[in-house]
Amino acid sequence: MPHRIEESCIGCGACKRICPADAIHGERKEPHEIDSERCIDCGACGRVCPKGSVYDNTNRPVSKIKPALWPRPKIDEERCYACENCVLACPAHALSMEDENLPLEQNFAVLSQPKLCVSCGWCVENCQFGAIVMEVADANL
Amino acid sequence: MQTYKGTANRYLSVNLSDQSWEIIPVDSQDLAAYLGGKGLALKMFLDSFGEEGLGEVNPLGPENLLIFSMGVMLSTGAPCSGRFEVVTRSPLTGLMVGSSCGGPFGEACKTAGWDGLIIRGAADQWSTLRIDENGAAFEDGQELTGLGTHATQEALNLSVREGAAVIGPAGENEVLYANICSGHRFAGRGGVGAVMGSKNLKAIVARGKSVCYEPVRPKAFAANVKKAKKYILRNAYSDGYRKYGTNANVRAGIKAGYSPVRNFRDRWHPEVERSSGEAMAQRYNSRHSTCRHCTVLCGHKGKYPDGTMRQIPEYETIGMFGSNIENFDPDPIGQWNDEMNELGMDTISAGGTIAWAMEAGEKGLRSTTLAFGKTDNISSILEDIAYKRGEGAELALGSKKLSEQYGGTEFAMHVKGIECAAYDPRSAWGHGLGYAVHNKGGCHLGSYLVSLEQQLGYMPAHTTLGKAEWVIFMEDLFSAVNSLQVCLFSVFGILTEPPIPKYLPTFILKIATITMPKVAMALMDWSILSRYFWDVTGIRMNKWGLLKAGERITVLERHMNVLLGMDPQSDTLPARFTTEKDTPYPGKNTVVPIEKMVQRYKKLRHYTSEGGPSPSALRRLIPTKSALKTIKPKALWGKKMYVRMLLSVLSLAIPLASRLSKNVAKAVEDFDEGFTFRLMVHPSGPSISFQKKKSVLRQYKGERCDLIVALKNMEAAWRLLSFQESTCHSEAAGRLSVEGELPSCCAFIRLINAVEIFLLPRFIARRAVKRWERSNQKKDIAA
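Sequence order for the protein chains is A and B. For the first sequence, position 116 (counting from the first letter as 1) is numbered 126 according to our numbering, and the numbering increases by one without interruption. For the second sequence, position 561 (counting from the first letter as 1) is numbered 1524 according to our numbering, and the numbering increases by one without interruption.
Just so you know, these hints were derived from the structure itself, not from any lab. It is possible that part of the hints are untrue.
[As the list claims (entries may be wrong)] Some chain A residues close to chain B (C-beta under 7 Å, calculated; not the full set):
| # | residue |
| --- | --- |
| 1 | Ala31 |
| 2 | Arg48 |
| 3 | Ala92 |
| 4 | Cys93 |
| 5 | Glu94 |
| 6 | Asn95 |
| 7 | Pro101 |
| 8 | Gln138 |
[Claimed, not checked] Derived lysine to aspartate or glutamate pairs resembling EDC-like cross-links, with alpha carbons at most 16 Å apart:
| # | chain 1 | residue 1 | chain 2 | residue 2 |
| --- | --- | --- | --- | --- |
| 9 | B | Lys1266 | A | Asp109 |
| 10 | B | Lys1506 | B | Asp1488 |
| 11 | B | Lys1264 | A | Asp109 |
| 12 | B | Lys1266 | A | Glu110 |
| 13 | B | Lys1189 | A | Glu135 |
Here the structure is a predicted model, which is why all the values come from computation and not from measurement. Note that beta-carbon positions come from the ideal geometry of N, C-alpha and C, so glycine has one too.
Same shape as in the complex, but just chain A (with noise of 0.2 Å):
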């Protein structure tokens, strides 16, 4: 079961516009509606939402997170072997290579729009090398 938007939503459109997969829809201060078979489960929804309205996959209110405070990808250049799987999987596509003109063995992923990240983890599942691992950037925060 993927995540489902509660009738309490006031129609904001903020999980709309994070939503990586396209699979939210809905009028302008009408409840929005999840379409299950684009829902990648990242929650990134729920964590925007003001409201509360949005429920996991095992039927639980996702929390309100600050952006800031969200895990995301902290990719360790020297373990990197730049095969790019991580940038391909990335369902934002907030990854993207170093540079294009390093030569091979010195290129690495950077995570290049971290404002685009929704912390879904599927580039870590994707990488072969464990070179990446999510992180809150700052603890302190």
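Since the structure of chain A is provided, determine the placement of chain B on it from the hints.
Coordinates of chain B only, in the frame set by chain A:
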């Protein structure tokens, strides 16, 4: 999200003719015997037609099955595990073909909850099949026709959860060597795309990420994966592939003389160097572009001089469209490779057929616009082949059919109809044997002995000694690997990194591998692969078990090929490799003594004059449905002695255990005070009796018993007491008879299990009881 332990064990069977679908369950016995992937798909193919009906299957008719089979490793995150196998009857060879692909379709299908997809029937008009966790849906595919493979995938507008398997125009027009594309990877050989095209199926879209899988033994699996990754990452062979792709083979080929030059006429040309992996990596500033979950990273892309980012062709394509047609410029090969990928056809077969046509034209057998060294018309010819226009209509048939029509069979470089890959076997005789006897035909990935003979230098190349043994070994291993579905390239690291092959001096390896092949094999270690299977599925498997399963799959495929009408004389090489000795190669020039090696191979495989396995060999390999062994009541005196001895030991050990072990004492608590029971062997074997007195067990001399557990005969007692069978298994097989009440019988079985766990070392106790737990024993000893 639903989580499966191990694997889903179900295939989705879709009938395109009446747009219906059903679920085909897989039982664990079949999984254990055929491992999944290719093996299970072959078994299903045979089962659905039966031995009699198999020969009637028209490869391009609606009755042919197209099976996508995922294997147990997919989506476990193991290195190089993002692969799936496509199995069908090949229109190019008329035999069975299995083609492996690393595209995203596999993972999407598997995480939709299906271990595989079986496609039968044919649609009335072009259609698209969509599958998800709920089953299959059929859509019109008319508007996708004529689109190339990548254009089709773009037009399908795939979401991030979806993966597609599509065909290009070549598949639509049933070019006999059309392929299936997923992402930018291909199930290339044997014309699987033509079969999909004959079913009027343009694309299959799977929506995944609906279920997930976890190994049955997660800790052991994680440790095994770690070891595998360590081996692959430090292996020099894999490192070459990581840096330069499969084109790392080019330089080795120049040195060893296995480059294909001018339709395999010459084995060598100095300009081949221009298309070496090293040169191209520099020229195109190469980047990785690989399958998912890859650790080897052999796929590369690069920036071509015209500014386009292209997939750098694999070694085979570079060979077949480079030196083999006398073109030494790598730039156009990249462009043709892109075109062929878009059209959806196999580059090896296309290259082989074009090279044949060039030579046939040169010899005046057939008029053609193609000529060695002439590259300006290749692009248009490729398009003509895909759309079957003009000369292309003939070239779409492959070199075997063309050479039979026009003559020139001696230089048609195919085995069983499938064009040989870009390794000249005159430089590696074992590799030649691999081409000749491989079930699929002239594919290099049947046994790939050139790696051991020339690239790694583990065995002398120009001898027939030991080659048949090694081809058999590698064929079996590769069949198993293609059924687990991990990448063959990951096997080199796994096989050659353990200390024995790694640190032994090469000259010892060279002697040992050909003079004592069996010993050399036994010293190698591929247990990582068997442990993959064990840890994921929970089905016990050691390295020999895995090899045996591989043998079963290879021999079954051969048996099916014989039923499909394979010519036993086709286990040979093209005449060029066996007769034309002199080439410009400056090293040792030879011809392949193929007859001798094939005879030895067939003898070792127990193949008959019909080319397939003898009925007894087949019976030995293919398991019967029941796992229970039928036994005869007679037993030899040695077994009787053993049983008597063990029972007398037990008569002392059980009372002792009931005093010492907390678990046994707990099991004894279930009996009433004064309860008596006896374990005996019918009809007149030994027996031991016990009585519960003052809450411990003592030996009992009386006649009457509350519970009598009798083993029906001495052989049954032997199997139980030598731990070949657990008590539960013995009971299920009806080898135990019980007189007494059921609850006390259950208490008795619990008691015996507790005693076994207490007394026996772990590796024996695990065989004897249903569930062995480490904690049992630790607590026990502390008590």
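Review point. Which earlier hints turn out false for this structure, listed by number in ascending order?
Key: Of the numbered hints given earlier, the structure breaks none, since each of them holds.
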